[in-house]
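With the hints as constraints, model all of the structure from the sequences given.
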Amino acid sequence: LTGCGGSDTDSSGENGLPEKVTIAMQPLTSVGIIPVQEDGFSKMDVTAEVKNFDSGRDMVNALTSDSVDFAMMLGICPTTVGLTSGSDYKIIWVDCLIRDSEGLVVRENSGIKDVRDLKGKKVGVTTASSGHYGLLCALEDAGMSAEDIEIVDLQPDAINSAWQRGDIDAAYTWNPTLINLKNNGGNVLLTGADLAEKGHQTVNFHVVRTEFAEQYPELVKQYCSVLADAAALYESDPDKAYEIVGAYHELSVDETKEQMSDEYVTLENQLSDEAFGNDTIAKNILEVAEFMKEQGEIEDAKDLEFFKNAIDTSYIEALLAEQQETEE
Amino acid sequence: MINRPLSVKRRSAAGNGKHRLKHPIRTTNLISAGVVLAILVVWMIVSQQGIVDEKIVPSVRSVWEALVSISVEGYKGSTLLQHLGASFFRLFTAFGLAIVTAVPLGLLSGQNEKIRAAFEPIIEFVRPLPPLAYYTVLVLWMGIENESKIALLFLACFAPIFIACAAAVQKIPASYINAATTLGASNRQVFWKVVLPYSAPDIFTGIRTAMGHGYSTLVAAEMVAAASGIGWMVLDASNWLRSDVIFAGIIVMGITGILIDKIFRLAEKRLVPWKGNL
Amino acid sequence: MINRPLSVKRRSAAGNGKHRLKHPIRTTNLISAGVVLAILVVWMIVSQQGIVDEKIVPSVRSVWEALVSISVEGYKGSTLLQHLGASFFRLFTAFGLAIVTAVPLGLLSGQNEKIRAAFEPIIEFVRPLPPLAYYTVLVLWMGIENESKIALLFLACFAPIFIACAAAVQKIPASYINAATTLGASNRQVFWKVVLPYSAPDIFTGIRTAMGHGYSTLVAAEMVAAASGIGWMVLDASNWLRSDVIFAGIIVMGITGILIDKIFRLAEKRLVPWKGNL
Amino acid sequence: MTIRDLSLRYEGTDHSRETLALSGVNLDIMEGDFVCVLGPSGCGKSTLLNIMAGLLQATEGTIEMLGEPVTGVDWKRAVVFQTPTLYPWLDVYKNVAFGPDVRGIDKKEAEDRAKTYLNLVGLADFAHARPYELSGGMRQRVALARALVNDPKMLLMDEPFGALDAFTRNTMQDLIRKIWKETKKTVFLITHDVDEALTLGTRIIAMSPRPGRIIKEAEIGFTLQMEDSQEDARYSPEYIHLRKEILQLMAEGQKG
Amino acid sequence: MTIRDLSLRYEGTDHSRETLALSGVNLDIMEGDFVCVLGPSGCGKSTLLNIMAGLLQATEGTIEMLGEPVTGVDWKRAVVFQTPTLYPWLDVYKNVAFGPDVRGIDKKEAEDRAKTYLNLVGLADFAHARPYELSGGMRQRVALARALVNDPKMLLMDEPFGALDAFTRNTMQDLIRKIWKETKKTVFLITHDVDEALTLGTRIIAMSPRPGRIIKEAEIGFTLQMEDSQEDARYSPEYIHLRKEILQLMAEGQKG
Ligand SMILES: Nc1ncnc2c1ncn2[C@@H]1O[C@H](COP(=O)(O)OP(=O)(O)OP(=O)(O)O)[C@@H](O)[C@H]1O
Ligand SMILES: Nc1ncnc2c1ncn2[C@@H]1O[C@H](COP(=O)(O)OP(=O)(O)OP(=O)(O)O)[C@@H](O)[C@H]1O
Ligand SMILES: [Mg+2]
Ligand SMILES: [Mg+2]
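Residue numbers (my numbering), protein chains in the order written: chain Z, 1 to 328; chain G, 1 to 278; chain H, 1 to 278; chain D, 1 to 256; chain V, 1 to 256.
Some clues are possibly wrong.
As the list claims (entries may be wrong) - Once the Cα atoms are required to be at most 35 Å apart in a straight line, the calculated DSBU-like pairs of lysine-lysine come out as:
hint	chain 1	residue 1	chain 2	residue 2
1	G	Lys269	D	Lys94
2	G	Lys269	Z	Lys293
3	V	Lys107	V	Lys94
4	G	Lys171	D	Lys76
5	G	Lys193	G	Lys262
6	V	Lys185	V	Lys216
7	G	Lys171	H	Lys275
8	V	Lys178	V	Lys216
9	V	Lys185	G	Lys171
10	H	Lys269	H	Lys114
11	D	Lys216	G	Lys193
Stated by the list, open to error - For the chain H half of the interface with chain G, some residues (derived, Cβ under 8 Å), not all of them:
hint	residue
12	Arg26
13	Thr28
14	Ile31
15	Val35
16	Val36
17	Ile56
18	Val103
19	Ala117
20	Pro130
21	Tyr134
22	Val137
23	Leu218
24	Ala220
25	Gly249
26	Ile263
27	Phe264
What the hints assert, rightly or not - Label pairs and their in silico Cβ distance ranges:
hint	chain 1	residue 1	chain 2	residue 2	range
28	H	Trp192	G	Leu271	37 to 47 Å
29	H	Ile263	G	Ile255	44 to 54 Å
30	G	Trp64	Z	Asn309	29 to 39 Å
To be clear, the hints were calculated from the coordinates, so they are not data collected in a lab. Here the structure is a predicted model, which means the values were calculated and not measured. Idealized CB from N, CA, C, for every residue including glycine.
The following block contains the structure:
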């Protein structure tokens, strides 16, 4: 059944290259949008086609059915779920370390001042997302568990509707829904940054289908290089980056700035201890997996070795080496 | 394909067709069973030989185990029966509401072309609409609890019943009504003793169609803010990439669907035995 | 409700019913128009008086503006016509495939009870299944491109056509076939010159039902990885809580649905004028 | 019953033009008459019967029964249609008891009468069968019983035996003659069959093609001579003469 | 055509028991015969006709036509059914031309013959009407033309006029008599109507109730005397006598 999907990796064009690469993405407000908006992937040797998805789950399914080669800005939860359930892809790049783009909002007038006040309340969250994980971590840190609140499984758009109508008292979600709720009488109780401090770092990744990577390592390296450019642009000229990302989402620069509140990882920092360095990421993923297993959401949490194997930093290393060469 | 003996068979089928369909001869049953078996065998071979990924086609064994575990231990807090129960509560509430509203409105519309003219544009507009198109609107209007789910199922059930009722009443030959009035029946008696029983078989068909519509909207209805229900189970399983549970859910839904239809057919035979003899 | 003049009217309806339905008298048209107008007026009042939130019921004006802007400027890169075009490409491809496969298989199944026995369990199983239940599986099997979308629509269209064809063939009275054979027709000629035209009206009805099924599955089919299509537009608009676009999309889909059905009815009258005269 | 200058015009619809179905019909029916109406297809026989039953309103003219104008249906004028419109959701007995039931007649009495008439038409054994389990002739007998059970003043029948085969038709004709002789009801019967009209009626009426008018009336007495399948009256010279005359009239009508 | 010791048993299904429809039927039909078959409902008349047409296989016995056993349908034996099974998707002309068309006869010749027979049944003006736009009698005439256009050796008719009203039936009887006299085809006609059988046939056959056997055969000649609506033969003593006898036979049969 493999290969009956849309990706054209099998039908090699000239030079042993595929006719095109297919990239899955979620339209988040992140530096990953920059090459999408600015045609950054034209730097690659083959044309890139970007496909939009509504959820990480759909992106993992697309990878599993060989329909796409890369997935951009894939949340840590779908990444983990996909890996533990046997989808074969490699994590090659950290898009961002989640800071303020995800968070727990409560109604201003609900009297909820603390996570503990959530007891018995209805909290909207998207199942199998990093928001889901974030909420459960927040509860755990507050000495509570999922049973203490009423979790309402909602996609972000439904969280908006439910909030609008007052059907939920709180929600753990991400931008733009998070900001939308905040602007509609919401009070942000805690964000991804707070969780990260407590050691529950959530991350968005870029991943590549293993089979594709083995066949076309050069293209993967080029892909990473495009991402490096984007992160570098943000680093050097954030206003320009806001403008570009804002243009994609039809948002003003200020709105974009408000939404882009995570720590975007540059090429230089990819191997830092915050990111791939010191197996930080692998441990993060393992923590998510074990947590999910505890919740009964997944059957097998695997082990650190497994997740280390799912991370391939060779492209980053190669890029860093090249960079050094040119600098020298 | 067509030969003499066959055309003779058809002759008997034309006369006794109903009987023949009810009790098909053994061979056809064997063939049906054989096909089901063959599908299972192919599935076993494909999934166990590692020809395809376990994610893409889970093995028969794992699906069976999922089925057993869902039935016995449950899936996320509810057993299979509870999931089915939650779904059926929604489905049958919506279905009941649809019957209670669509039957009288449909019958009225069939009797009176002005009432019909008033309802027709609304029905015609809503009928072809994909449920998912207006689901967001329903959630905005009715919230994330059962109301919006039931409303979605209700809308799926309403049109088939309404249309069947209106058409059935219009179909009644004048002589049926004339016979009653000349025997002394009042308008009210004509309605209850002639129009209604005459329309009953068609109403029943409409009700069966409605149930089918509602059933196939079940998963859509459980997309938002559900935490139980067989549709939600399948959706949640796809969130967690649990192919085995997805397959188990599909099998349960398929079989349940067949059973529901069978029950309706049986009820039809019981309740309106004059069907086909009008 | 039922009075003498009415029962006489019915009498004429029984005889000339078909004509009456096609050309209803003016009053009913007026009533229908009135109802549509009344709905618009109520909507206007409700939405413009600020009785309800603009998010929950967008104003008529904003929906109209959305409609215009979608038509002229487009929504996320495609104009309304392009969205409709993308959807219709999927829908009609699936629909065409369904016709091409379901008609011959259905006719065969109608002729031969063994073939029927082989297909029936599969059809019976898949027919009631909610499309969303197996959509994930389809995506896993066929990828995110049009294939899986078309497959979903295909499955929605297949069963109604297949069932209609099988039933139509079984319904043919032996005398129709006997008449042909005694006049010297071969089996092949009986099939093409008698069985097929006899079944055509029922096949057509099945095809119309199938189109309805397919149409109402359109949004579901565009849930994953679409970037155009009228169903995707509504879904995307709900992601961004663009109520005006959602309403505009619903209106477009409703009207398109009515138009498609009208076209099929017209085609039916053209292609199988003997419908109802068998 | 007195009918004066009756005419009826069907309004046209978009697809059919206005039709003048009856024009200037005059007819007097005495109590106990057995009137048989003959006429080419589409001449307005059923229309006339429907007006008499009160199911249709005449466009012009008056129609009175026992001095009172006919304004609507009345169970005193029972109707038997060509296809017996029995209700398949009721069994034979309940079909027969339909009239007394809707008229709110005392249960006990209604039951007695329904049984009496079921006996009369020879279907007592089939009281609990469904109409669709009966043959065509049996069905028409049930319809007859259903019409009679109300004890109407007048029995209007629209080609009641038209759909039956020749043998069954014969039996039914004998039955209706017997009933008429026993109950002395006024009967108005439409038929296509000249022999049926001649062997049943005390009066025979022939109508012209549309717009229907009465073109021939004759008092006859053959039915009184037809006791117990003695059919000799069929071969009497008057019979043969009248038969020929009417057939000729009809033949002309059908050509014209 | 020679029929010897023919019997037929319908196999039972789950809901209906095995039925012996015909038993020990012997019959010889000569070329040019006009055989009319009478018998109570369900006695196996249609079954016999279907066997003769080759639509059914006899359980026992032999059936031969011109010395050859009948093993299947053959256009040389044309059939006219009670309800004219015209194809509504074809116009009248194409319905008539159906036989020549499927038999692959030369276009030109087929057209000529279809037109000839449409003329014969008096429907040349309706060549392009659809069957459902015609009256019952006209439809049956088209069915007749369709059967005749193949120039069959034998015409099998199963109550062809049973569904028609009395006047139309008369006209059709005259037509079939005329055609039979002109073409000298062998005709086998099933009917419920004793008068129809007596005024059309050269031989009359009465069958017993199920299982059907032949209980009476008679050579008659009334049809030859019935030129141009001269119906005097109907009132001849032999006619009246035979009519009574057969009616009695049938009446007994129906009781038994
Ligand atoms: N409801 C109606 N609307 C318009 N025209 C009608 C209606 N009913 C009957 N007609 C027309 O009126 C004429 C008389 O019809 P009617 O049914 O009374 O004839 P009939 O003598 O009973 O014919 P038949 O012998 O075929 O039953 C016919 O030409 C018919 O087409
Ligand atoms: N296909 C069949 N299968 C089983 N029984 C049959 C079938 N066709 C006819 N019969 C039975 O065989 C008997 C003879 O039927 P047939 O149709 O030949 O009678 P008939 O003389 O033509 O009756 P009618 O006058 O009503 O047309 C009947 O009892 C009937 O029930
Ligand atoms: Mg009439
Ligand atoms: Mg028969």
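For each hint, the structure was consulted:
no., hint, verdict
1, G:Lys269 <-> D:Lys94, "holds, 20 Å"
2, G:Lys269 <-> Z:Lys293, "violated, 50 Å"
3, V:Lys107 <-> V:Lys94, "holds, 12 Å"
4, G:Lys171 <-> D:Lys76, "holds, 28 Å"
5, G:Lys193 <-> G:Lys262, "holds, 28 Å"
6, V:Lys185 <-> V:Lys216, "holds, 23 Å"
7, G:Lys171 <-> H:Lys275, "holds, 16 Å"
8, V:Lys178 <-> V:Lys216, "holds, 26 Å"
9, V:Lys185 <-> G:Lys171, "violated, 46 Å"
10, H:Lys269 <-> H:Lys114, "holds, 34 Å"
11, D:Lys216 <-> G:Lys193, "violated, 42 Å"
12, Arg26, "violated, 10 Å"
13, Thr28, "holds, 4 Å"
14, Ile31, "holds, 4 Å"
15, Val35, "holds, 5 Å"
16, Val36, "holds, 5 Å"
17, Ile56, "holds, 5 Å"
18, Val103, "violated, 15 Å"
19, Ala117, "holds, 4 Å"
20, Pro130, "holds, 4 Å"
21, Tyr134, "holds, 6 Å"
22, Val137, "holds, 6 Å"
23, Leu218, "holds, 5 Å"
24, Ala220, "holds, 6 Å"
25, Gly249, "holds, 7 Å"
26, Ile263, "violated, 12 Å"
27, Phe264, "violated, 11 Å"
28, H:Trp192 <-> G:Leu271: 37 to 47 Å, "holds, 41 Å"
29, H:Ile263 <-> G:Ile255: 44 to 54 Å, "violated, 37 Å"
30, G:Trp64 <-> Z:Asn309: 29 to 39 Å, "holds, 31 Å"
In this structure, the earlier hints numbered 2, 9, 11, 12, 18, 26, 27 and 29 are contradicted, and the remaining ones agree with it.
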